[in-house]
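If you read the sequences in order, they're chains A and B. If you count the first sequence from 1, position 236 lands on 235 in numbering that gives the first Met the number 0, and the numbers rise without skipping. If you count the second sequence from 1, position 135 lands on 134 in numbering that gives the first Met the number 0, and the numbers rise without skipping.
Do not rely on the hints blindly, as some may be mistaken.
[Claimed, not checked] 20 angstroms max Cα-Cα, derived SDA-like pairs, lysine to any residue:
id, chain 1, residue 1, chain 2, residue 2
1, B, Lys130, A, Asp18
2, B, Lys130, A, Gln19
3, B, Lys44, A, Gln205
4, B, Lys186, B, Ala196
[Unchecked claim] Take a look, some chain B residues computed to stay more than 12 angstroms from chain A by CB distance:
id, residue
5, Glu4
6, Arg58
7, Ile72
8, Arg173
[Stated by the list, open to error] Which chain B residues face chain A? A few, computed with CB under 8 angstroms, are given here:
id, residue
9, Pro52
10, Lys62
11, Arg65
12, Met67
13, Ala73
14, Leu74
15, Arg76
16, Val81
17, Phe88
18, Ser93
19, Ser95
20, Leu100
21, Val104
22, Ser105
23, Arg107
I should point out that these hints are in silico values taken from the structure, not numbers from a laboratory. In this text the structure is predicted, and so the values were computed from the model without any measurement. C-beta atoms are modelled at their ideal positions from N, C-alpha and C, and glycine is treated no differently.
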Amino acid sequence: MKPLLDQLAGFVLGDVRADQVVPPTGITARLTLFSAAVMAFVAVCALSLALAAGRLADRWENELARTATLRISAPSAQMAAQTKAALRVLETTTGVAEARALSDAEQAALLAPWFGPDLPVDQLPIPRLIEIVETDEGMDGEGLRLRLAAEVPGAVLDDHNRWRTPLVLAAERFRLLGLVVLLLIGAAMAAMITLAANASLAANAQVISVLRLVGARDSFIAGAFVRRFTLRALFGAAFGVALGCGAILLLPRAQVEGGFLTGLGFQGWHWLLPLVIVPLAAAVAYAATRAAAQITLRNMP
Amino acid sequence: MIELENVAYGYDGGEVFADVSLALNAGSFHFLTGPSGSGKSTLLKLCYGVLVPTAGQLRLFGKDRRGMARDDIALARRRIGVVHQDCQFLDHLSVSDNIALPLMVSGRDLLAEDANLSELVGWVGLRDRAKALPPELSGGERQRAALARALILSPEVVLADEPTGNVDWEMSQRLMRLLIELNRMGKTILIATHDLALIRAAKAHVQARVLRIAGRRLHLAGADL
Chain A
0 MKPLLDQLAG FVLGDVRADQ VVPPTGITAR LTLFSAAVMA FVAVCALSLA LAAGRLADRW
60 ENELARTATL RISAPSAQMA AQTKAALRVL ETTTGVAEAR ALSDAEQAAL LAPWFGPDLP
120 VDQLPIPRLI EIVETDEGMD GEGLRLRLAA EVPGAVLDDH NRWRTPLVLA AERFRLLGLV
180 VLLLIGAAMA AMITLAANAS LAANAQVISV LRLVGARDSF IAGAFVRRFT LRALFGAAFG
240 VALGCGAILL LPRAQVEGGF LTGLGFQGWH WLLPLVIVPL AAAVAYAATR AAAQITLRNM
300 P
Chain B
0 MIELENVAYG YDGGEVFADV SLALNAGSFH FLTGPSGSGK STLLKLCYGV LVPTAGQLRL
60 FGKDRRGMAR DDIALARRRI GVVHQDCQFL DHLSVSDNIA LPLMVSGRDL LAEDANLSEL
120 VGWVGLRDRA KALPPELSGG ERQRAALARA LILSPEVVLA DEPTGNVDWE MSQRLMRLLI
180 ELNRMGKTIL IATHDLALIR AAKAHVQARV LRIAGRRLHL AGADL
């Protein structure tokens, strides 16, 4: 472990003499820094979006997966009897943890957003709703439907699957899209660093020729370029991540009323994840510059 | 040290020279002459491993050039000091740093080598110009700086390609005296030059073999020198 740390420290602190042999290249340095910062900023946004989509998928998956609603439509004279019968069926159904008929007040509260608070629920032919909470093992929805059809003809079971499944699928796809965007950002960064490194190597062909003349190994020559580009990507990415996190902080806080759009930021330990972008950017730059330098040096006499 | 056996070199279908045999033994002094374009520089490039012969065998310090890895060639170049006519410096580094460049690339401790560097800079007469940048030097100063750089690792062989091409007669004599002094210290010297007057003047002070490339072959030069 210690040799690795020493090696890492040596790489970061660098060999001043080795760094001196490659002349400073102003515009390439600034462009690499800028590109790394922009890529890191976009990566923070994509990461935030992917995590928010993931949270949404999990919420829809977990909160709605273990609940179902039984709706009983019957003439008012039979409503109480059918509700009792349905509750009896549910009590003996494997996988049902709890079943409870909603009171008139609770049903009125559900309808209030559409019909106002003064709705006379008891005078209207409104179906009775039974809230079902399933056990962890879950219930056999199809079996329950068949039993209800025989014993409570006015009952309709809604296990939320019909609208929950496409929503969860959409949220998961969104999360996947975010991760693909992150990968593409990494690939684009590698391509950009490779181009910049190639340009720098070509511009310094004379320097490389002199270094070769005096007995420099390829690893020494490549090292001077690799360290330079890796540190530029590291500092650029650190700046971009700081900027990205600042922008995410400015987004509205997560609220139930705002739904998905107010939950785009990082939550809890997820705030640590953008920090991973910085060493990842440096690793991408290291690998891209090393590969570019090795190929270029191999093709030089 | 460096041996060529029936070596040929050519490119783009043309042959620069063929059937060249030469042994640069320890402590020997060779001049290589011939008209412009005869292949003097090419032969020198073969000798320090930049080029690979198209035929024949080239051995650098006992190793076949064709079988040498890139790192092996780099290590061999540390045993060969090369002086070019156009010198080739890193223009953003001072003269002193340019001379120390072989120390840097070979991972030597610069502080430990400081006295050696200072002595060498003084020996080539550039003590006052040590902090100058290469573009600020005259032709003669550049050649002396290149010679110092070629010698900083104390190589066994010194190859010089037209080292006096850009300097006046007095400076070329001064450079030649430095090279002869090196040979007396035991270094193997090969100088490519078309300046016959320089060769004649040098032969008065050193036992040297004069080789000439003509008609794509290497000959031992005769009494005309």
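The hints, checked one at a time:
The suggested pairing of lysine 130/B with aspartate 18/A holds, with an alpha-carbon distance near 19 angstroms, which does not exceed 20 angstroms. As the CA atoms of lysine 130/B and glutamine 19/A are separated by approximately 15 angstroms, the hinted pair is consistent with the 20 angstroms bound. Among the hinted pairs, lysine 44/B with glutamine 205/A is consistent with the structure: their alpha-carbon atoms are about 16 angstroms apart, no more than 20 angstroms. At most 20 angstroms may separate the alpha-carbon atoms for a hinted pair to count; lysine 186/B and alanine 196/B exceed this at roughly 23 angstroms.
With a least beta-carbon separation of about 22 angstroms from chain A, glutamate 4/B lies farther than 12 angstroms from that chain, consistent with its non-interface assignment. For arginine 58/B, the shortest C-beta to C-beta distance to chain A comes to about 18 angstroms, beyond the 12 angstroms cut-off, and the non-interface label holds. Listed as outside the interface, isoleucine 72/B is inconsistent with that label: its C-beta sits roughly 9 angstroms from the nearest C-beta of chain A, within the 12 angstroms cut-off. Look at arginine 173/B: its CB is around 23 angstroms from the nearest CB on chain A, clear of 12 angstroms, so calling it non-interface holds up.
Violation of the interface hint for proline 52/B is found here, the shortest Cβ-Cβ separation to chain A being roughly 14 angstroms, above the 8 angstroms cut-off. A distance limit of 8 angstroms between C-beta atoms decides the matter here; for lysine 62/B the minimum to chain A is near 15 angstroms, and the interface restraint is violated. A least Cβ separation of about 15 angstroms between arginine 65/B and chain A goes past the 8 angstroms threshold, and the interface hint is therefore violated. Hint on methionine 67/B is violated. Least Cβ distance to chain A is approximately 13 angstroms, over the 8 angstroms limit.
Hint on alanine 73/B holds. Least Cβ distance to chain A is approximately 4 angstroms, under the 8 angstroms limit. The restraint placing leucine 74/B at the interface with chain A holds, with a minimum CB-CB distance near 7 angstroms, inside the 8 angstroms limit. A cut of 8 angstroms between beta carbons decides the hint on arginine 76/B: the least distance to chain A is about 4 angstroms, and the hint holds. A cut of 8 angstroms between beta carbons decides the hint on valine 81/B: the least distance to chain A is about 6 angstroms, and the hint holds.
Using the Cβ-Cβ criterion of 8 angstroms, the hint placing phenylalanine 88/B at the interface with chain A is satisfied: the shortest such distance is roughly 7 angstroms. With 8 angstroms as the threshold, the beta carbon of serine 93/B stays out of range of chain A, its nearest partner Cβ sitting at about 10 angstroms, so the hint is violated. Annotation: serine 95/B was flagged as interfacial toward chain A, and the flag is violated, the nearest CB pair being 12 angstroms apart, outside 8 angstroms. Taking 8 angstroms as the C-beta contact cut-off toward chain A, the hint placing leucine 100/B at the interface holds, the least distance being around 5 angstroms.
At about 4 angstroms, the closest approach between the beta carbon of valine 104/B and any beta carbon in chain A falls short of 8 angstroms, and the interface hint on this residue holds. Because the beta carbon of serine 105/B sits about 6 angstroms from the nearest beta carbon in chain A, less than 8 angstroms, this interface hint is met. Hint on arginine 107/B is violated. Least Cβ distance to chain A is approximately 10 angstroms, over the 8 angstroms limit.
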